[in-house]
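Colleague: Protein chains in written order, with the working numbering: chain A, 103 to 675; chain B, 17 to 324.
Just so you know, the hints here were simulated from the structure itself, not pulled from any lab data.
Nothing here was measured: the structure is a model prediction, and the numbers come from that model.
Do not take every clue at face value.
Straight-line alpha carbon distances no greater than 16 Å define the calculated EDC-like cross-link-like pairs of lysine to aspartate or glutamate that follow [as the list claims (entries may be wrong)]: (1) A:LYS397 to A:GLU240; (2) B:LYS104 to A:GLU240; (3) A:LYS502 to A:ASP225; (4) A:LYS516 to B:GLU81.
Single-letter residue listing:
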Amino acid sequence: MNLKNWRVWLTLLFIVVSVIAFWDTFKMWTMSPEDKLALNESDPSALVKLEQSAIRLGLDLQGGIHVVLRVKMEELDAPAREDAIDRAIQIIRNRVDGLGVTEPQIQKQGNDRIIVDLPGYTDVSRAEELIGQTALLEFKLLETPENSNLILTRIDSAVVKYRETEKTGDTSADKAPDSAAAKADQPKKDTTDILSELMGDTSKDSADQFAFDESKDLTDNENPFTTRLDPILFNNRTGVNWPGYAVNRADRPLIDKWLNLPQVQAQIPIDVRFAWSTRSELRDQRQVYFLYLLKRKVQFLGKFLEGINSGTDGYGAPVVNFSLSGDGAALFGQLTGSNIDKPLAITLDDKVESSPFINSKIRNNGQITMGSSATFEDARNLEIVLKAGALPAPVEIIEKNVVGATLGADSIRKGFTSSVIGLVLVLLYIGIYYRISGVIADIGLLFNIFFLLAVLAGFGATLTMPGIAGIILTIGMSLDSNILIFERIREELRTGKTVHAAIDAGYDRAFAAIFDTHVTTLITAGALFLLGSGPIKGFAVSLFWGVAISLYTAYVITKQIFDIRKSYKTLSI
Amino acid sequence: MFRLIGETNINFLSIRKVAYTVSSILVAVGIFGLVMIMTGRANLGIDFAGGVMITGHFEKPVAIEDLRAAVHAEFSDVQITDLKDFAKPNAFIIKTKRPETEAEGEQKLRRLNQIISEKFPDHNFISVSEHVIGPAVGQTLRKDAQKAVLLSLLGIVLYLWIRFDFRSGIVAAMATLHDTLVVLGLIYLTGIEFDLLIVTALLTLAGYSLNDKVVIYDRIRENLKRFRTRGEFAATVNASINEVLSRTINTGMTVLLVLGALYFLGGEVLKGFAFSLLIGIIIGTYSSIFVASPIVVEWEARRPKRFK
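Generate coordinates for the entire structure from the input sequences, incorporating the hints supplied.
Modeller: Dropping the structure here:
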């Protein structure tokens, strides 16, 4: 074997990548239920990671989580009620089914309920993260800079006073407001966690990691609150600083505690409130959250947004585009027209997702330009949030359970054994019919299965009983390439060509047919992926990769072996 | 060299009139079946039709396998799952397909409860809730799937138009549609439950059948280039079919071996799936040889393009 041969190296690379991609699945499948429980006890996040990167077994094979949601119809006006449930189903589907390979089962129950069955998960609390909760997307204005400064100054002096009483008081007085604040914070914390995890943020445990030390900030006597806020919403055009601030992640628990003090609450007017950003961000080498002072009044609702998509502007910077029509356009035109050069906060369940400045009056088509350090990932995240926020109705989870497999152990065993038997029969048939060449094709076929499983693992796909049968089937079909080639080589040999010439001609002449059949299948897979949804999309993903991989094994892996066989006097085919 | 068939010279085109008649009848049945399925008058699975869901629990432990066996003895379409952390232990979800009428539904529910209390008399089944559930494959999903299939047909016609010619593209796409329709009709006639699994089978079969046609067209294209000056079009087409015949049979065999294993050994779940594919593969192979190729020949005979 020639070591300069790119085919060998590429295949070795693919094998290594596949082993890595498949590793978690292998671990997951070989892990006993007891071990899983033990891991869940000792390191739940490790189990979650494992569950995400392994091939999940579908509802029929392993069961999963069964969640019943109720659409809160009472919070909707009559016209919105009509199709609320269908739109909610669509949005939940989008959320749990991003890549189309999770294969959730989502269906209506009665008049106001939605059942979501998520395969492969064993932890019920994770269901909430995936499905999310209310998802109320609102647009709010910020408090004016003048008023904000006033409020901040008053909070500063309230905090200073609080600290003085703390200093003079004993330690038990110190603990009292602390636990009260913790209690008051409890219900809020839940939603924070869920949302931040939905966004893929792992910084939620900052409170535990950074125990705050109040002694150190005794130095900043004058304005303990404002020194911890770093203004970020400076408008270059007007030279005004709006009340949006970066706060060190480590400082957040302290700021939360202060804001929850009754004497601080008393300083905040009833029509404004503080709101955190959903995620923390790296800024000047520090992890920071953003804190905003928002007017409570809801200016605009996410349900009016249409045609949301992320992309780039003329300069290649990441942006999110949206469009509006009818009432939404009129309302948004009014809102933006009278607030040019002011920031507009987009909040999802009271967490600020984005705070773009209004550059001009927007009626029908809007564009949100992301910050200078933003990535396309950020734009894509905002797109998902805006789409999710178009949820027409608030939903609540009224039931969540772990459910077992829908198929009996007996059915699963039958399905699995029959697939394996089918595979073995095919391997034998090809091996007997084409002799050594057939065995080579069989080896290629086994590579095919391995690569396909690795790709599916990489996508976090869900394997169902029909999925297994389908894989075996597409793989059986993928032998078609080899059969076409072998028949061609046989034809060439019959015309009296040498082994070398016959192999060359066989591969060469079969190529057109193989190329065309693969491209037509890829076109089908592409169309099904683009326009299909749910299980159709899942089918498209495995079809696409099945076909792509079979082309690779036929023209790279088995071809490599045939190139070696070219020097043979006779060919076993 | 082990060969199932040697070099053949069968005149496949000679029986095209018979094939056209058979195909027309089968397609008519297929369209009828399609209409029945679309209007919900066929045997639709719970994925498409929705149904009734009972949540309940036993007062004493019941093995899920026993419960399944008891219920499946009478209703094979009932789906039973165990609820693991329900408020009460021994809880189950029982899903059954939506029956034709309300009265039938009532009756089926009553019968289900009856079976359970008869088979497990001392365990006392308490039904916590009974709800009507909608189809898991909703309107949006259906519309998306239809759009996707249309787009893929268009893409295929366009691709084959570029690679071969316009008529090949049209005929291949139409013949594939023919295969899918015929299988749909047979599914309707045999009363196989139409569910997501069958949709997957139809998509797979469409892919297989299209491949089959492309392989033959490819051979025709190659032979036309090689023997540009001699022979007539019909003979070239017939020769091409004969030349790829051993490939057609071998590829068909590998797929049939898998499907046979799934059909005979795969149990109830995979039976409908394997059956639709089995007939699909046979129909697909038949239409490549006896329908798609002759139509190209006749098209050429009426409006000569290649041999003027």
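Colleague: So, for every hint listed, does it hold in this structure?
Modeller: Do the hints match the structure? See the list:
{"no.": "1", "hint": "A:LYS397 to A:GLU240", "verdict": "12 Å, holds"}
{"no.": "2", "hint": "B:LYS104 to A:GLU240", "verdict": "40 Å, violated"}
{"no.": "3", "hint": "A:LYS502 to A:ASP225", "verdict": "10 Å, holds"}
{"no.": "4", "hint": "A:LYS516 to B:GLU81", "verdict": "15 Å, holds"}
Violation of the numbered hints given earlier is confined to hint 2; every other hint is satisfied by the structure.
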